[in-house]
Structure formats: C-alpha cells, structure tokens
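With chain D held as given, fit chain U onto it using these hints.
Going line by line, the protein sequences match chains D and U.
Residues in the first sequence are numbered from 1 upward in steps of one, following the numbering used here.
Residues in the second sequence are numbered from 1001 upward in steps of one, following the numbering used here.
Derived from the structure by calculation, the hints contain no laboratory data.
Some hints here could point you the wrong way.
As the list claims (entries may be wrong) - To give a feel for the contact side, a few chain D residues facing chain U, derived at Cβ under 8 Å:
#, residue
1, S39
2, S45
3, M93
4, G95
The beta carbon of each residue, even a glycine, is placed where N, CA and C say it ideally should be.
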Amino acid sequence: MVGKHIGIVKEKINLAGPNWLIKLEFESEIDYQAGQYLSLKVGDSGDRRSYSIASRPQGKMLELMVDVAPMGIGSKYILGLKIGDKVEALCPMGGFVIDNGELKGDKKMVFVATGSGIVPMKPMIEDLLIDKNYNEKILLIWGMRHQEELFWIEEFRKLEGAYANFEFRLVLSQGGDDWGGDRGHVADVFDKSYEGWVAYICGNKDMIAQTAAILESTGIKRENIHYEKFY
Amino acid sequence: MAKDKPNKTKYQVKVINDKCIGAASCVAVAAMTFKLNDANIAEIIDQDGNVDEEKLLAAQSCPTAAIEVVDTTTGETIWPK
Chain D
1 MVGKHIGIVK EKINLAGPNW LIKLEFESEI DYQAGQYLSL KVGDSGDRRS
51 YSIASRPQGK MLELMVDVAP MGIGSKYILG LKIGDKVEAL CPMGGFVIDN
101 GELKGDKKMV FVATGSGIVP MKPMIEDLLI DKNYNEKILL IWGMRHQEEL
151 FWIEEFRKLE GAYANFEFRL VLSQGGDDWG GDRGHVADVF DKSYEGWVAY
201 ICGNKDMIAQ TAAILESTGI KRENIHYEKF Y
Chain U
1001 MAKDKPNKTK YQVKVINDKC IGAASCVAVA AMTFKLNDAN IAEIIDQDGN
1051 VDEEKLLAAQ SCPTAAIEVV DTTTGETIWP K
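If we strip away everything but chain D, and leave its shape as in the complex, we get (with noise of 0.2 Å):
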C-alpha cells in the first residue's frame, strides 16, 4: 500500500555523465514489487518528480539511478543532495511489473529499453533470475547513444555469465570508431520471429510505439506486450 516514508541519503554515486545512483536507506522494509516508481519530494511548495526504483526488493536499502541531464527542478535536488540528507518518498507506484500469469507460464521475456529506461529493467531482471531462478530465456536490448554515458554494463556482462538463460545486447546509435558492438537503434535488432514471448518496454513515447510495433509483427501478441512510458 503506498505511503510517505522518510529515507537516508547514504550514498551518491556519478556512474557515468549525468547518471547518478543514490543509496537510500528507510527505517523499515518498503513493501514493492521490482519495476515500480516513487515519487520524491523535491521541493517545499509540493513539487514531487517520479524516479523508478533501480534495486530489487532488499530489506530497508533502496537505489534510484537518476539522469539529472534535464537539469529541472529534480535534477538539482539531486544534485544537491548530501550523505545524511533526509527525503520523503511516496511509494510504491506503478503497475511495470512482471505479470504472474507470464511468470507462472514459463515465457521466454524480452526487455527492451533506451536511456534511463534501463532503470525499472535491471531489478525486474535480477529479481527473475537471482531471486525467483526463473530458467527461461530472458533477452535484454539496450540502446544508449555514446559510450561515455555507458553504466551498468559489468553488472549486466557478469548476469550474463552466471546465467545461461540471459542475453544482454547493447546497442549504440552514435558509438565512436572504437566501439565494436551493435550499432543503431534497438529496433534493428529484431531479427527473427518472437511468437509466444512477452515484452516489456521502457523509454519515450516514440519508442515504445515504434518497439511495440515491431515487436507485435515478429509474432508478439498486442497483450504480452507491456510498456512504461518515460517523458
């Protein structure tokens, strides 16, 4: 049930560019689901901003990876936050999370996401394999734009050798003579037929239109395919 909890700022890290992770720690266990949001208060006259929970469900240690890069009034509370520092969150919200029907079912899953995008992805995933050692197959894409704003990355390589049943793809639509991966835009990578997977997506409006479509013609059908709009 969603509430106001007050957490600790206990670490802020700059992974990469704009992208910060900011450790939280609550005076007692959040009840959420990985892939959910929370909305942080980020201002005294009421302003709240959303920011997805980038930290599968752990006791009373909560992550949000943040792109301060708009630079609005969330972004610099961001910023401006200190080791100590005291936030309210309301939280948990959001529906993003792994359908149970599709759990139970034993689909093959892919994720599909850009930019910040990542963030409700990466503990949706660890959750399924580390936490309920889900054995289908479980594909990630990723687009990002440069390398320098690359983070995450070892995490994902080290996912990826621990479990047989996960692929991580990353995809660069501006990658530098030395990058040596896939280039251009996460729909490129659809290549074969996807029938009786699942979808989640998470990214801008555009692209989770132009992922849902091309996803659907490669066999998914409209209703496994499940999106969270970032704006």
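For chain U alone, coordinates are given in the frame of chain D:
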C-alpha cells in the same frame, strides 16, 4: 492511502487527458477518486472519494502534471502552481 470517505470536499480535480500517460500515481494515492479507464487514462470516479489532502497529493505526484486542482471556495487553482 485512502481514509474514510469525506462528506464533501472543497478541492475539485480535473484530468487533462492529453497529458496523462497512465502512470497511475493518482490511483495509488487517491483510489476512491481516480481510476484508469480502458485506454489507460485517469478518470474521475468520485470528486468526494478522498479527502482534499489526498486529492492534492495525487495531483502533486502525477509525473506529467496531468491533474488540476481547484479550490471551489475561492476559485483558485491550487495545483499546478
């Protein structure tokens, strides 16, 4: 989050459909006032479903500022500011 249903509230809420992305934060905070319709857009089910404080918090927690709050006693728009 919902407490007992209030008799009559002074804040009137309105959903701006074009801005709503179906994040459902309003439903999470004030479930007796808002619901998502079949198109995944927030809809008002009862202006007096939640107390004013919850209705305002629902508007403040909307990621796209798709909810307007008007104080019917003054006519003033309380949110967004």
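Hint check results:
Below 8 Å, beta-carbon pairs count as interface contacts, and D:S39 has one with chain U at about 4 Å; its hint therefore holds. Because the smallest distance between the Cβ of D:S45 and any Cβ of chain U comes to about 6 Å, under 8 Å, the interface hint for this residue holds. Below 8 Å, beta-carbon pairs count as interface contacts, and D:M93 has one with chain U at about 5 Å; its hint therefore holds. The interface hint given for D:G95 is met, as the beta carbon of that residue sits about 6 Å from the closest beta carbon of chain U, less than 8 Å.
The structure fails none of the hints (numbered hints given earlier).
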